[in-house]
Amino acid sequence: MNYVRNAWYVASWSHDLKPNAPVGMHILDEPIVLWRNEDGVLTALQDRCVHRMAPLSLGRCEGKKLRCMYHGLLFDRDGTVVEIPGQPKIPDHAKVRNFPVVERHSWAWVWMGEAAGADESLIPPAVGLDHPDYILGHGHLDYAAEARLINDNLLDFSHLSYVHAKSFGAKEDWAQERPKITTLERGLRVERWLKSESGIPGRSIDKPTDQYSYYDFLIPGVLLMTGGVFPAGTAEALNYARPNIDEALTGVTFTSQAVTPMTAKTSRYFFSWGPHRKHGDAALRDTLMGIAGMAFAEDRTIIEAQQRVIDATATPRIMPTSADRGITLWNLMIDKMIKAENAPLRQVS
Amino acid sequence: MNYVRNAWYVASWSHDLKPNAPVGMHILDEPIVLWRNEDGVLTALQDRCVHRMAPLSLGRCEGKKLRCMYHGLLFDRDGTVVEIPGQPKIPDHAKVRNFPVVERHSWAWVWMGEAAGADESLIPPAVGLDHPDYILGHGHLDYAAEARLINDNLLDFSHLSYVHAKSFGAKEDWAQERPKITTLERGLRVERWLKSESGIPGRSIDKPTDQYSYYDFLIPGVLLMTGGVFPAGTAEALNYARPNIDEALTGVTFTSQAVTPMTAKTSRYFFSWGPHRKHGDAALRDTLMGIAGMAFAEDRTIIEAQQRVIDATATPRIMPTSADRGITLWNLMIDKMIKAENAPLRQVS
Amino acid sequence: MNYVRNAWYVASWSHDLKPNAPVGMHILDEPIVLWRNEDGVLTALQDRCVHRMAPLSLGRCEGKKLRCMYHGLLFDRDGTVVEIPGQPKIPDHAKVRNFPVVERHSWAWVWMGEAAGADESLIPPAVGLDHPDYILGHGHLDYAAEARLINDNLLDFSHLSYVHAKSFGAKEDWAQERPKITTLERGLRVERWLKSESGIPGRSIDKPTDQYSYYDFLIPGVLLMTGGVFPAGTAEALNYARPNIDEALTGVTFTSQAVTPMTAKTSRYFFSWGPHRKHGDAALRDTLMGIAGMAFAEDRTIIEAQQRVIDATATPRIMPTSADRGITLWNLMIDKMIKAENAPLRQVS
Numbered sequence: 026m027n028y029v030r031n032a033w034y035v036a037s038w039s040h041d042l043k044p045n046a047p048v049g050m051h052i053l054d055e056p057i058v059l060w061r062n063e064d065g066v067l068t069a070l071q072d073r074c075v076h077r078m079a080p081l082s083l084g085r086c087e088g089k090k091l092r093c094m095y096h097g098l099l100f101d102r103d104g105t106v107v108e109i110p111g112q113p114k115i116p117d118h119a120k121v122r123n124f125p126v127v128e129r130h131s132w133a134w135v136w137m138g139e140a141a142g143a144d145e146s147l148i149p150p151a152v153g154l155d156h157p158d159y160i161l162g163h164g165h166l167d168y169a170a171e172a173r174l175i176n177d178n179l180l181d182f183s184h185l186s187y188v189h190a191k192s193f194g195a196k197e198d199w200a201q202e203r204p205k206i207t208t209l210e211r212g213l214r215v216e217r218w219l220k221s222e223s224g225i226p227g228r229s230i231d232k233p234t235d236q237y238s239y240y241d242f243l244i245p246g247v248l249l250m251t252g253g254v255f256p257a258g259t260a261e262a263l264n265y266a267r268p269n270i271d272e273a274l275t276g277v278t279f280t281s282q283a284v285t286p287m288t289a290k291t292s293r294y295f296f297s298w299g300p301h302r303k304h305g306d307a308a309l310r311d312t313l314m315g316i317a318g319m320a321f322a323e324d325r326t327i328i329e330a331q332q333r334v335i336d337a338t339a340t341p342r343i344m345p346t347s348a349d350r351g352i353t354l355w356n357l358m359i360d361k362m363i364k365a366e367n368a369p370l371r372q373v374s
Numbered sequence: 026m027n028y029v030r031n032a033w034y035v036a037s038w039s040h041d042l043k044p045n046a047p048v049g050m051h052i053l054d055e056p057i058v059l060w061r062n063e064d065g066v067l068t069a070l071q072d073r074c075v076h077r078m079a080p081l082s083l084g085r086c087e088g089k090k091l092r093c094m095y096h097g098l099l100f101d102r103d104g105t106v107v108e109i110p111g112q113p114k115i116p117d118h119a120k121v122r123n124f125p126v127v128e129r130h131s132w133a134w135v136w137m138g139e140a141a142g143a144d145e146s147l148i149p150p151a152v153g154l155d156h157p158d159y160i161l162g163h164g165h166l167d168y169a170a171e172a173r174l175i176n177d178n179l180l181d182f183s184h185l186s187y188v189h190a191k192s193f194g195a196k197e198d199w200a201q202e203r204p205k206i207t208t209l210e211r212g213l214r215v216e217r218w219l220k221s222e223s224g225i226p227g228r229s230i231d232k233p234t235d236q237y238s239y240y241d242f243l244i245p246g247v248l249l250m251t252g253g254v255f256p257a258g259t260a261e262a263l264n265y266a267r268p269n270i271d272e273a274l275t276g277v278t279f280t281s282q283a284v285t286p287m288t289a290k291t292s293r294y295f296f297s298w299g300p301h302r303k304h305g306d307a308a309l310r311d312t313l314m315g316i317a318g319m320a321f322a323e324d325r326t327i328i329e330a331q332q333r334v335i336d337a338t339a340t341p342r343i344m345p346t347s348a349d350r351g352i353t354l355w356n357l358m359i360d361k362m363i364k365a366e367n368a369p370l371r372q373v374s
Numbered sequence: 026m027n028y029v030r031n032a033w034y035v036a037s038w039s040h041d042l043k044p045n046a047p048v049g050m051h052i053l054d055e056p057i058v059l060w061r062n063e064d065g066v067l068t069a070l071q072d073r074c075v076h077r078m079a080p081l082s083l084g085r086c087e088g089k090k091l092r093c094m095y096h097g098l099l100f101d102r103d104g105t106v107v108e109i110p111g112q113p114k115i116p117d118h119a120k121v122r123n124f125p126v127v128e129r130h131s132w133a134w135v136w137m138g139e140a141a142g143a144d145e146s147l148i149p150p151a152v153g154l155d156h157p158d159y160i161l162g163h164g165h166l167d168y169a170a171e172a173r174l175i176n177d178n179l180l181d182f183s184h185l186s187y188v189h190a191k192s193f194g195a196k197e198d199w200a201q202e203r204p205k206i207t208t209l210e211r212g213l214r215v216e217r218w219l220k221s222e223s224g225i226p227g228r229s230i231d232k233p234t235d236q237y238s239y240y241d242f243l244i245p246g247v248l249l250m251t252g253g254v255f256p257a258g259t260a261e262a263l264n265y266a267r268p269n270i271d272e273a274l275t276g277v278t279f280t281s282q283a284v285t286p287m288t289a290k291t292s293r294y295f296f297s298w299g300p301h302r303k304h305g306d307a308a309l310r311d312t313l314m315g316i317a318g319m320a321f322a323e324d325r326t327i328i329e330a331q332q333r334v335i336d337a338t339a340t341p342r343i344m345p346t347s348a349d350r351g352i353t354l355w356n357l358m359i360d361k362m363i364k365a366e367n368a369p370l371r372q373v374s
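Residue numbers (the numbering used here), protein chains in the order written: chain A, 26 to 374; chain B, 26 to 374; chain C, 26 to 374.
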């Protein structure tokens, strides 16, 4: 699996993790149990008891600890076994891996690299459900496809013209015009002006406009996008530079999306979307979520089909087009980061 | 997969391929998209976009062309990419494989070998649904089994006495007596006289008869069978040679059946059957189709079970009997043809 | 698959094998057909026709014989082919393997080693459904897990405190106290006194008692357990030795359980349980079967989950505890027996 390990992966919506209800999931093929103790504190441990490999996600929360419900080994938050029923001595190696976990922006983020390197400043600045400026709907979707293919999809919006002609009402211009792509320290920025756009279904505007959108796609696979509708001529007046979103006529929304590789061929896709308070209300949020539901199903249909074709092909081969520049830059960045992760550490003398 | 490539495989009933509705299927493990354009012309292409391997069978017909609905590459009938949205230059290798396809006898036949060798005279002379002499019902059935096992079944009718004792009311004589088998250029001819046969359920005759049947089993796996019921004594009078079918008392029917290997372990089985106009009507056709439905389900039950046993056996091994002569001759022919296909081509100087 | 071959495996409840109704199943990955002929005699053969590998379990009983219903080969009880339709000569090697099979204690037991070694005295002394002393309920359950994990479960009852806290109302003492374990010639004996036990739900006793239970766990994976409730103080008075079960106050039951490895990752679990006639009736039997139904579902949930974790782990590793002594002794015994089975036989001169 060709994914960066030194990164924060979204494991769950924070509110889906109730106290005393351990949840099992996979990230990068690692079985992980997420559990919130009586104090509300979240812990992420390897979901595999050291004793006989039963999943701890079938375990029972006891105060601040978690008990394996096969033979009763009790685990502390750091993964250490603190009780073996009927056995006074606990071996030193009786310990499962603990994964750093942080709750932020309504998501539970798990660090998949060495714990020592976990740096909270690397958590992408997603917009949480409680953000004062936005009225957000949310959800998640499971894919029978590798996360890489979903990342590819999000790195190239030329597919909007074909996959989302119906849901987003996207025109050919998404495929015809290439966005401006800038490399960030841990990701890419993708900006685009589309002129005379008439908006998306349910939000049409009765005169020509310039529509601006921009998103950051950040390690390990988090898309943060906003934009708005401006008077026709704005794009040229600004020489196609970034406008002040606060000055948009209408149509300012924000979406946070996170792609988490569960196993080699399965992924979980978390998303929120909704209007800026100045440009919409709960009714518009619900309209947008209806559109998103249709659009994300369109994506999943083509991506899972693509996965099946790849799996059935002895020697998979692609032919990049000029629309793939973002994907290419992203993959170079990923390859470089993985290479750095695998490099032998130099001694600091 | 041990199948001949230089052959016409049935891909579909012709009438199941509607205009502007691409259909994906597999033949010999190759993903193939079949699409009929606005002119009614049928095309068969590799069902895998050169760009990112999305299936073209999820694409959209545009006039005479087919567009991949992931990122919009447009394909001509010969498999060439003629448009990449937003990219003026199209690489020379932007092309998927085109398979020769011919509609004949109500079926769409695809040539799986090199296109240059596609010879329409090799299409087996099946009887189409519009044939003036026959009143035919038809259908198809999918198997979770390799085509080879279905071919084996069709090459040895001794199984009728056991598998089809109920549906066809077959007696022991099918298993006790060996048919006459003749080798053809691309297949086998199997002829059989059964004496004092009382017919099949619903078509019984109240006096002893001689029943003759014969079929050709042709490359790549097409069975064409006819026969009829004659006065008792005809077989001996003819010294068991082929009778004139036109002189049959009753019971003349025709069945065309085609076995198509989709993947290594899945197959599609196409069939038609019905009476000669002189010997029956639409009601008899429907009776026969009911019998065929039961009989083909009996075959599928035993063959899929056989496949499961084979798959669970480390070193599969068979013990041929004298009833297997047709299978043995067929496999020798197949092996020889495959060997010829793989032989290095001699230069013509 | 790490299982002893020279042993009797339970293949079925005897009464589930009706005359003229062949049944297919797997033991140690071997396909086996069990069939009862017109005389009521049971036979176990390899479930794979020598001809073309069709399963004989789809065959037809004919008098004392079994006919393959693909092409009609007829098998005698010893596995020899005695008829090939339409072929006078039968090859010497036309024979499938015959497995010794014995019906005893309401079960059909199949010997998986060389037939010559089949020794009926090795059949574990289970209690059959017709035993005069017990009123037994029974059933079976299929597992998507290897039999070894079910054996592990049955060899260590410390799991009762966690897996069966609800169904059996088991307290912590099952996990805290270690049983007495004795090695038998082909198995282990596990004995345990629990003091002041208040019984299981539905059978509570209103004063402190001592509860004794003991089971033999016998090759290849058969558990035979009994026990009873004694006046408080009995355990100390006996210095924790085995009591006379006939002197129990109440609570004497018997359970026979057999774990059969079907394939590498599937198993069938046969069980009976019920009270001694002096300590209960059919109503109590039904109560116990209700409890067992809940408990066996609890076991299956954790064991199948454990199997999935093992399967998803590149290098499975366990950390035995002091509760695992029975499992360790059992596995040493199994390893030794397998080694002996595989040793080259010495010539007797």
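FYI, nobody ran anything at the bench for these hints, they're computed from the structure. All C-beta atoms, glycine included, are put in the ideal place defined by N, C-alpha and C. It is possible that part of the hints are untrue.
Computed cross-link-like contacts, EDC-like style, restricted to lysine to aspartate or glutamate with a CA-CA straight-line distance of at most 16 Å [stated by the list, open to error]:
id : chain 1 : residue 1 : chain 2 : residue 2
1  : C       : K114      : B       : E202
2  : B       : K114      : A       : D41
3  : A       : K114      : C       : E202
Distance ranges between label pairs, derived from CB positions [what the hints assert, rightly or not]:
id : chain 1 : residue 1 : chain 2 : residue 2 : range
4  : C       : M26       : A       : V107      : 52 to 58 Å
5  : B       : D144      : C       : I115      : 41 to 47 Å
6  : B       : Y265      : C       : I115      : 24 to 30 Å
7  : C       : H118      : A       : N27       : 50 to 56 Å
8  : B       : D144      : C       : K43       : 54 to 60 Å
9  : C       : H118      : B       : A140      : 44 to 50 Å
10 : A       : K43       : C       : K232      : 38 to 44 Å
11 : B       : A140      : A       : H40       : 54 to 60 Å
12 : A       : P150      : B       : G164      : 28 to 34 Å
Notebook entry, point to check: Tell me, which hint numbers fail for this structure?
Noted result: 2, 4, 12
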